[in-house]
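One-letter residues, chain by chain:
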Amino acid sequence: MAEAVMGFTLFKSHNLGSSLQRRRFQMNHSSRLHSNSTLSNRPWQVSEGKSKRASLCKVNGLPDWPLMAIIVEHMEGQRDLITSKSVSHLSDQAIKNVYTWYIMFTVWGGLFFGSMKDPYYDSEAYRGDGGDGTGNWIYEKQETMEAEAREALWREELIEEIEEKVEGLRELEEGVKKEKLVK
Amino acid sequence: MAATYYNLQSPKTFPTLLRNLPSIPSSHVSLLGSLDYPFHCSTRRGYHVEANAKKKNPWLDPFDDGDDPEMETGSLFANGLQEEDPRPPDDPDNPYGFLKFPSGYAVEVASLALKVRGDVRRCCCVISGGVYENLLFFPAIQLIKNRYPGVQIDVVATERGKQTYEMNKNVRWTNVYDPDDDDPEPAEYADMIGILKNRYYDMVLNTRLAGLGHAAFLFMTTARDRVSYVYPNVNAAGAGLLLSETFVPDSLNLSDGGYHMYHQMVEWLGRPFRDLPRQPVPPLRVSISRKLKEVVEAKYEKAGVKKGKYVVIHGIKSDSQASMQSRGDPDSLLPIEVWAEIADVIRDVTPLFVIPHEKERENVQENFDEDASIVFITTPGQLAALINDSAGVIATNTAAIQLASAREKPCIALFCSEEMGNKFVPQAEENKCVIISSKTGKLIDIDVEAIKTAVQTFNLAPVLV
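As you go down the protein sequences, you meet chains A and B in turn.
To convert, note that position 175 of the first sequence is 175 in full-length UniProt numbering; the numbers rise steadily by one, no gaps.
To convert, note that position 268 of the second sequence is 268 in full-length UniProt numbering; the numbers rise steadily by one, no gaps.
Because the hints were derived from the structure by calculation, they are not lab data.
One or more of the hints may lead you astray.
Just some of the chain B residues that point at chain A, by a computed CB distance under 8 Å [stated by the list, open to error]: (1) N57; (2) N168; (3) R172; (4) W173; (5) N175; (6) R290.
Beta carbons: idealized from backbone N, C-alpha and C, even for Gly.
Please build the complete structure, drawing on both the sequences and the hints.
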């Protein structure tokens, strides 16, 4: 109890906004105090139970965690009630990073998850142009259609020409036959 | 292809008989010309070139002295027309497996061989103007097709002019771009340059009068031959630098030339080359697809006429864009009152009025007859199909008279003056075309009586057919 109080007062005497280094030093101070007490082998302290020591060890195990206060309330015949108060501050850079990631995730998530189930992309207006969903697009272009129509026109004309020639040949043949018949 | 094997031979190694005799009379000067032109041969060269052809632009290629008279053609170079299929034969024994072309065929210099031979595989025509101007370019397209077998011809035309190519079987792709637009939308401009550049044309023909700006547009297509009309005035300054062949038109308006408005370009396209004679200019022909015929048949049957039993009347005055006039003849539409007078004389066949806009329907009904046969047609393809099924055409100077002569239909053409008629319908008799022109030079003063007598002879035509 006495130690805890001592530690509390010790902490309180310092500015809360002091640097991490200094806090670490303070914690070391407190732990040193503690280790000193364990090493000193005083009977009343040893008999007072392991809970207090354990809590103090935990504090020591996270030296970067800035500790504000440890309150140990001691009551006779009961276990000690230990309250540790700590304040954590993120640096400006760390806060910026956190918010950056938050924004980036939100934007990406908005785009990604927003486009996952969009009826527009399954609609005729979007798929009708030839999107097959694979990213390979086959456009049905007006120009291609027109070019094909002209090709068909060319073929039609060719067929007509051939037919005309064939008809001419047939007429010739018939003429020859008739001549033969006349003979 | 074959040009990669081309090896230089000194002139003495082969007999003179095998040598191709150049058309230039003094070939020995040209022999030296390739070496010493820039220093002391320039004046002589200028003389020779002038004697040979028109003046060459020395800025384009200072080392270009024309054809090499020493070049032997015939054995390795294919003389005459180019081969239709440029694809080299497959070589299954090619050690490189996946490369099917014969060894020795260098892809990288294939286009060089094309240049040496003067072959054209892909050709682009940038046509300015509307339906009429595009229609009159058809013979040139046919000429290119005949002169360069296997060529793929694409067209860049205005929105209105593009519709004409529905009737042309020789064209592959058509794109809409208005070459007459002096300040085009930057995005459209850049897009069109990209499209044309990506197609790797061998030749670009352009009928818009080019200044430096339009010449730059053509230059940026990176076509090998950029053949263009230029302004006949100072606006052409600098255009020649970016073009490989320029034509100076007779006037600022190319359409003033009438039917032969592209005569300079056509002359150049059909020029004799090596042992090829001059390519004759084919007549204007249009082809009409079956689909188009069906559509138009449904249209005129709905208007209440039968196939071969009607006369197409085209050229009703209207503020519509679809009047299909020539730019060279602004006075070429008649008001409906005059048309009604003319149509009254037609007896044996039904007059079928072609209106360029629906709002004209009422006017026709008012002036002629309540149940007059009227079809609403704006595209040249449909007009051609209509004329194809008709007994004949009566039209002012619109695309209809050219279509009638293209489909060999009898035609009565009304012109504002005699010379205009001769310009736009040069072979009137051959085309079964009767030209009736106004005496005063204004179409509105046209002699209706003369038309009526012409129509009388025309009435007999379907009986004879």
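Each hint tested on the structure:
At a threshold of 8 Å, the smallest CB-CB gap from N57(B) to chain A is about 35 Å, leaving the interface hint violated. At its closest, the beta carbon of N168(B) sits 7 Å from a beta carbon of chain A; the interface hint therefore holds under the 8 Å criterion. Interface restraint check: R172(B) against chain A, minimum CB-CB distance 5 Å, threshold 8 Å, status holds. This hint holds: W173(B) has a C-beta 5 Å from the nearest C-beta of chain A, less than the 8 Å allowed.
With a least beta-carbon distance of about 7 Å to chain A, the hint placing N175(B) at the interface is held under the 8 Å criterion. Below 8 Å, beta-carbon pairs count as interface contacts, and R290(B) has one with chain A at about 6 Å; its hint therefore holds.
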